Every structure is written in C-alpha cells, then in structure tokens.
Amino acid sequence: MKNESIKVLQKKKTAILELWMQNQLAEEGLREDLMSNDDLRVQSEELLDALLANLSDENLSNAQSSHFDTVLDILAGISASRAKQGFSPRETGAYVFSLKDALIDTLQQEIKDPATVLAQTIRIGKLIDNFGIVTFETFIKGREEVILRQTDEITDISTPVIRVWDGVLALPIIGTLDSSRTQIVMENLLQEIVESGSSIAILDISGVPAVDSLVAQHLIKTVSATRLMGAECIISGIRPEIAQTVVHLGIDLSQIITKASLASALRTAFNMLQLEVVKKRRFEKENA
Amino acid sequence: MEKIPILRMGPFLLVTIQVDLYDRLAENLEADLVQMVSKTGAMGVLIDISAVSIIDSFMGRIIGNIASMSKIMDAETVVVGMQPAVAITLIELGLPLKGVQCALNVERGMDLLRAKIALNEGTPDDYFDTE
Amino acid sequence: MTILILNKEMMPVVKEQDVVPFRNRVKEYATKIGMGLVNQTKLITAASELVRNMLKYGKGGKVYIEVVSKGRENGIRLIFEDKGPGIPDVSLAMKDGFSTGKSLGLGLPGTRRLVSEFDIQSVVGEGTTVTVIKWKNG
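Residue numbers (my numbering), protein chains in the order written: chain A, 1 to 288; chain B, 1 to 131; chain C, 1 to 138.
Bound-form chain A, shown alone (with noise of 0.2 Å):
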C-alpha cells in the first residue's frame, strides 16, 4: 500500500508539476520582478524530479537520508541563488512548502483509503518541512560567511599601529578588547617595533569602553609582550572612570606606565628617548 502511493505520485509528476506551479501563479507574493514564470518551472522541475527518482519507502520519514543527497544539493543552490537573488527566506521557504500542498492533493485524488491518505500525508508532511528547514539553514550559512567576512575587515582595520615619532609606536584601541583582539593587537604591535626598530610603544586606550580585570589582564600580558621584544609599553587614555574601577577592582597595573592621555605619554616617550620639545624662536629676535 505504501509503495502505492509512491508510484502512484511518481507517475502523476506531470499532475503534480502542474498543480504546484498554479499553486505559485496564485501565490499572493508571486515575485515576477525577481523571477521569470520560465525560470521558475525549470528550478522547480528541476526538484520535484530529484525528488520523486529518489523517492522510496525507506526515506519517506528520514530527509537525512543519503538518498536525498542530489534534492539537498538542489534545494541548498536554490536557497542560496533566491537569497542573491534578493527572495526573502519566507519567500523561499513558501516556495518549497507549496509543493507539499501539490503533493498532498494529488494523493487524495489518486488514493481512495482515508486511513492511507492521511498516514501518507503526515510523512509528507514531516519530509517537505524538513526540505524546507533546510533551505533557512542555507541561508542563514550564508549570512554567517558574511559576518565572518566582516569580522575579519573589523580586526584588521581596528588595529593600526602608527609611528608617531622615530622609535616611538602608537596603537589606539577603539572597541572592547577581548582575547582574540588582544592577539591581534600583539601580533601587530611586536612585528611593528621589530620592522621600525621602536623602542617605545604607546597603547592608547581612550576608545576602550570599559576596563574589568580581564581586560586589565590583556593590557599587561601586551605590555610584558613589548618588554621582552627589549621596548618599553605606556599605556595611555585612562579615564576617570577607568582609574575607579581599576582601583575598586584591586587591579594591579602598578608595574605599568600610565598616562591620562596620548600628548603626556608622547612627552614620556620624548623624555625616555632624551628629546627635547623646543619652541621655535620668532625670526626677527634671532636676528636681533
């Protein structure tokens, strides 16, 4: 009985092609701008073909099934394209639900057996919804190779490491500073002192919205880092509120220079490197 009913949507694919495209037609949110009629039965023949060749009663109830491998592949590309193509997932995933609509009809013309039609219809049912998580879960792969896309451009360009005099590197750090980040920041900071020859580096953290004990770690895991490359590290941009819970926190960065901001850490720099900031005499007094 059940292979029956297999066969029998198997020789009705002509039928079933017809009804779910009408079922499309009629569809209230119909993209035509987006999508040619043509196109859409292509795509869509294109699937209800894989699916009903690899149909069998073993996989009716496990869309994991191996089987399935060419319908998965299909319906990945179709959710991927329609996502480009600017569908949304509701859109798309409306698209494949239809067809259990298709399906589910032609059985209850073609089945004459209540008790079957519905036994039937139920793992029909569960096959298309899984088919159709699977396309939102294409989608939302997409979306996260994007993320990580942009994840990766946010780290690089929130990192820069600028030379502000010869010898002396300055690293402003916008942003939270979590472990991985710290990386970041330490792998460009030493790299930079070995490619400048720096001796100083400053790592301004005016941009850093809040320092807890974690935070406080990375600071002087970075400043140990910079010592042992043979520079020296001030840490520059300590705000008020950043001295309070440094100090509340009993956080101990004692062993660390700090600055209130970037210019008095600049003029530590200078004092290390034995530089002098003079001011430029006027031209007539030196001529007079």
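Some hints could be false.
[Unchecked claim] Listed below are the simulated DSS-like cross-link pairs for lysine-lysine, each with C-alpha atoms no more than 27 Å apart in a straight line:
1) C/Lys-8 x C/Lys-56
2) B/Lys-98 x C/Lys-95
3) C/Lys-136 x A/Lys-141
4) A/Lys-100 x A/Lys-7
5) B/Lys-3 x A/Lys-221
6) C/Lys-136 x A/Lys-221
7) C/Lys-56 x B/Lys-98
8) A/Lys-112 x A/Lys-100
9) C/Lys-27 x B/Lys-3
10) B/Lys-3 x B/Lys-71
11) C/Lys-15 x C/Lys-59
12) C/Lys-27 x C/Lys-56
13) A/Lys-221 x B/Lys-71
14) A/Lys-221 x B/Lys-98
15) A/Lys-112 x A/Lys-126
16) A/Lys-84 x A/Lys-7
17) A/Lys-221 x C/Lys-27
18) C/Lys-56 x B/Lys-3
19) A/Lys-259 x B/Lys-98
20) A/Lys-141 x C/Lys-70
21) A/Lys-84 x A/Lys-100
22) C/Lys-70 x A/Lys-221
23) A/Lys-12 x A/Lys-100
24) B/Lys-3 x C/Lys-15
[Stated by the list, open to error] Some chain B residues flagged as far from chain C (calculated, every beta-carbon gap over 10 Å):
25) Met-9
26) Gly-10
27) Ile-54
[To be verified] Footprint (simulated), chain C over chain B, 3 or more residues, beta carbon under 8 Å:
28) 27-36
29) 106-115
No lab work stands behind these hints, which were simulated from the structure alone. Note that this is a predicted model, so its numbers are computed, not measured. Quick reminder that beta carbons are idealized off the backbone N, C-alpha and C, glycines included.
Since the structure of chain A is provided, determine the placement of chains B and C on it from the hints.
For chains B and C alone, coordinates are given in the frame of chain A:
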C-alpha cells in the same frame, strides 16, 4: 659533544644561539657561561636569541638562571632579538622572564649594557667607547 | 560537530634527543596546513612542554601527530601516551603554580593556555594520556 660558542668582546661576553637547544646543551651553556664570567671578569653578558624559534619553560628557566647567576657575580645580562611569536608564547605560557633585561638587537643590547654598567660603576657614559 | 582525522603518525619519545626531531615534525605538519607563525610557535611550545613532562614523569612514551578537521577548520591534534605512574589528582595538577618536579610549576596550566583544546586522562599506576588540539586560526 656540541657546544654553544661564547665570544669575548671587550668587557662583554656574546652568546649567539643558532640551534634548537635540547636540555643537556642548555645546561652545558649555563655552566660554561658562568665559568667564563668568572674567568674573564666580564661585566656583561649578551645572549642573542634571534635565531631561536621555540622557548619553553625549561629554556626560559635556563635564561633566568644565567641572568641571576651572572648578577651575583656582578655581571649584567641582556637577552636580545626575541622573535614576536616567541614573546607572545612566553607571555601566554605565564613566563614573562622577570629579572631579565631585553633589547631589540645586539647593538641596542650593547648600549643597554654600557648604560647599566656605567650606572653601577659611576663611570661616565662614554667610558667604554674608547676600548 | 565531529572531528575528522586526515592524517596520522606515531613517534616514540623515549630519550631527550627525541625531543628536537619531534618538535620539527610537529612544525612540518603545522606548516603544511598553513598555520600562522604565532599559532605554530604556541603549538610547538606546548608540545615541547608536554613531551618534557612525559620524559620526566612518565619515562617516555608515544606521541600521535594527527591532522584533523572540524567543519571548515583544520588543525593539529597531538596525543601523548605514557605508561608512567599517573597523576593522583589531575585537577590539582591543572592549577597554576603546582609542580612536583623542580620546574617552574606552570607546565600544565600554561600549556593549556597555548592550545585550543586540552584533555588529560590519568590512572594511577597505569599512565597518563594528554590530548591537545590547536586549530589553524584558534
């Protein structure tokens, strides 16, 4: 038996580590170096590790030992040329080599040693330039 | 997500002179999967610490070097197996500052910070197995 050469440069000893150290080699270096400090009366030891790609806790301890031992024999130790990846790893491992002075390269290391010794002895900064 | 093993090799480490060839082998594998220099250095340093522990406390043993993958991440897995006396209290050994030997006592916790995943199984009288994974970008 392999040995790490120790070069004498005026009042300083220069050690350039070019090979991956296994334990016995490192322990020998520690012994040899302390002997040399005593024999030559060196005032400073410069250890160039720019060619070393791995420092684990054992190696770190040897470097720390050399610095402490030299210190009580009145010689300063400066470690130069640590690679960034090695520095980051040491910090992550929890080994900041406290008590060991570091410099970017041999030249800076020499400057640092001169400055430190001048400070200790109260001699003018350019004392060693005439050597 | 399951971890797939793409490549596997066993190296016995029974004497001090085996340490440097072993480290070089780990480096070769790490380079092959395109691991960055900093992560490579961390992995090899961790390997060095663990193999040293194995020689000191476990009288040597076997190390498996594996190239593994999980999802889109590739990595190196190292399994250190010894038939030594075992560790009576693993959680104590994982505490910062604990050591039975004359080392600095940052062996295990320090090593754990260098790798992406760390697991230790020890049975007193039977031996210790330490498994670490370093992901290419982790």
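* Asked: Which hint numbers does the structure go against, in order from smallest to largest?
  -> Hint check: 5, 16, 22, 27, 28, 29 fail, others pass.
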